[in-house]
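When you get a sec, could you build the whole thing from the sequences and use the hints?
Take a look at the letters that make up each chain.
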Amino acid sequence: MTGTWESWAVDTSNTATCSSATWTHLTSGTTHIVSVVYTARRELSAEEREQMRLENKQLRQWADRRAEERRQADARADDLLLSLLTPAERETMEKMAALVVRGQTGRTFRLRRGRIANVDEMDAGGNVIARFCIHPRESVPYGDNLLAQKLMLETNEAEFLRIANRS
Amino acid sequence: MNTLHVLDRTGDTKITWDRTIPEEVGAARATFNRLKQDNRYLAYKVNPGGNKGEVITEFDPDAEKIILAPPMVGG
Chain X
1 MTGTWESWAV DTSNTATCSS ATWTHLTSGT THIVSVVYTA RRELSAEERE QMRLENKQLR
61 QWADRRAEER RQADARADDL LLSLLTPAER ETMEKMAALV VRGQTGRTFR LRRGRIANVD
121 EMDAGGNVIA RFCIHPRESV PYGDNLLAQK LMLETNEAEF LRIANRS
Chain V
168 MNTLHVLDRT GDTKITWDRT IPEEVGAARA TFNRLKQDNR YLAYKVNPGG NKGEVITEFD
228 PDAEKIILAP PMVGG
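Here the protein sequences come in this chain order: X and V.
Here the first sequence is numbered in the numbering used here, starting from 1 and rising by one per residue.
Here the second sequence is numbered in the numbering used here, starting from 168 and rising by one per residue.
Treat the hints with care, as some may be off.
[Stated by the list, open to error] Pulled a few chain X residues facing chain V out of the computed Cβ check, cut under 7 angstroms: (1) Ala73; (2) Leu84; (3) Pro136.
[Said to hold, decoys possible] One side only, chain X facing chain V, incomplete, derived with CB under 8 angstroms: (4) Asn56; (5) Ser83; (6) Leu85; (7) Ile116; (8) Cys133; (9) His135; (10) Glu138; (11) Val140; (12) Leu151; (13) Thr155.
[What the hints assert, rightly or not] Label-pair distances were calculated between CB atoms; the ranges are: (14) V:Arg186 x X:Gly114: 34 to 42 angstroms; (15) V:Gly193 x X:Arg113: 32 to 40 angstroms; (16) V:Met168 x X:Leu82: 13 to 21 angstroms; (17) V:Arg176 x X:Arg112: 14 to 22 angstroms; (18) X:Thr105 x V:Val240: 16 to 24 angstroms; (19) X:Gln72 x V:Ala194: 23 to 31 angstroms; (20) V:Ala197 x X:Leu44: 51 to 59 angstroms; (21) X:Ala124 x V:Glu190: 50 to 58 angstroms; (22) X:Arg112 x V:Arg207: 25 to 33 angstroms.
By construction, these hints were calculated from the structure, which means they are not laboratory data.
These numbers come from a predicted model, not from an experiment.
Using N, Cα and C, we set each Cβ at its ideal position, and we do this for glycine too.
Structure, rendered in C-alpha cells:
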C-alpha cells in the first residue's frame with residue numbers, strides 16, 4: 001500500500017517529501033511501504049501566537065480552578081469524617097493517616113487514605129492478612145471514601161466483603 | 168438544625184431542615200427518597216463524636232445527622 005500523509009500536525013503546513021518508509025501494523029504484523037510526507041513547523045503569525053497564548057492561559061486557569069475545587073472538596077470531606085470520629089480514632093488518623101475500624105463481627109480493618117485496595121484486614125498481631133478494594137460508585141474525595149467504607153464495615157460487614165475484591 | 172449530607176465529588180452536599188417546619192422536612196425527605204430509592208444510596212443515621220452509624224431505610228426527621236453514601240462497588 002502506498003499513501004501520503006497529508007498533514008503531521010495541525011499547526012504545520014510546509015511539506016517536504018522524503019523517500020519511502022516502512023510502516024508496520026502493530027496488530028497484524030503486516031508490512032506496508034508508504035510514501036511519507038514530513039511536515040516542518042512554520043512560523044506562527046502574531047495573531048496565531050496571541051490566540052495560542054490566550055488558549056494556554058484559559059487552560060491554566062481551568063486547571064487552577066479544578067485544583068482549588070478538589071482542595072476544597074477534600075477539606076470538606078475531611079471535616080465531615082473527623083466530626084464523626086471518636087477522639088481515639090481521630091488520633092490514629094492524624095498519626096497513621098489511616099483509620100482502624102472494628103467491623104460488625106469484631107474483625108479489625110485498617111483503612112488507608114487512597115482509593116485502590118486501601119482496606120487491610122489485620123490479625124491480632126497487627127499483620128495484614130487480606131486486602132480489599134471497594135469504593136463508592138461515584139467519584140468522591142478520600143475523606144468521603146473512608147467514611148463510606150467505615151460506615152459499611154460497622155453496619156454491614158458481610159455485604160462489604162461480598163462486594164469488595166480481595167487480594 | 169438537622170442535616171443530610173450527600174457524599175459527592177464536592178465533598179458533600181448539605182441539606183438542612185428544622186423538624187418543626189413541614190416544608191423543610193418535606194424537601195429533605197424528597198431528596199432522601201430520590202437518592203435512596205432511585206439511586207440506591209446507602210443511608211446511615213450518625214451522631215457527631217464517634218458513635219457507630221445505624222443503617223436506615225426511611226427518612227427520620229428526628230435524626231440529627233444522616234449520611235447518604237453512593238452505592239459501593241468492588242475495585
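Verification of the hints:
1. Ala73: holds (4 angstroms)
2. Leu84: holds (6 angstroms)
3. Pro136: This interface hint holds because 4 angstroms falls under the 7 angstroms limit.
4. Asn56: violated (26 angstroms)
5. Ser83: It holds, given that the least Cβ distance between X:Ser83 and chain V is near 5 angstroms, below 8 angstroms.
6. Leu85: Hint on X:Leu85: holds, closest Cβ of chain V at ~5 angstroms, below 8 angstroms.
7. Ile116: holds (6 angstroms)
8. Cys133: holds (4 angstroms)
9. His135: holds (5 angstroms)
10. Glu138: This hint holds: X:Glu138 lies near chain V, its Cβ roughly 4 angstroms from the closest one there, short of 8 angstroms.
11. Val140: Cβ of X:Val140 sits 5 angstroms from chain V, so the hint holds.
12. Leu151: X:Leu151 check passes; min Cβ-Cβ to chain V is 5 angstroms, inside 8 angstroms.
13. Thr155: holds (5 angstroms)
14. V:Arg186 x X:Gly114: 34 to 42 angstroms: About 38 angstroms separates the Cβ atoms of V:Arg186 and X:Gly114, which means 34 to 42 angstroms holds.
15. V:Gly193 x X:Arg113: 32 to 40 angstroms: holds (38 angstroms)
16. V:Met168 x X:Leu82: 13 to 21 angstroms: Since V:Met168 and X:Leu82 have Cβ atoms about 20 angstroms apart, the given range 13 to 21 angstroms holds.
17. V:Arg176 x X:Arg112: 14 to 22 angstroms: holds (21 angstroms)
18. X:Thr105 x V:Val240: 16 to 24 angstroms: holds (22 angstroms)
19. X:Gln72 x V:Ala194: 23 to 31 angstroms: For V:Ala194 against X:Gln72, whose Cβ atoms are near 25 angstroms apart, the range 23 to 31 angstroms holds.
20. V:Ala197 x X:Leu44: 51 to 59 angstroms: holds (55 angstroms)
21. X:Ala124 x V:Glu190: 50 to 58 angstroms: holds (53 angstroms)
22. X:Arg112 x V:Arg207: 25 to 33 angstroms: Roughly 26 angstroms apart at Cβ, these two residues keep to the hinted range, so it holds.
In this structure, only the earlier hint numbered 4 is contradicted, and the remaining ones agree with it.
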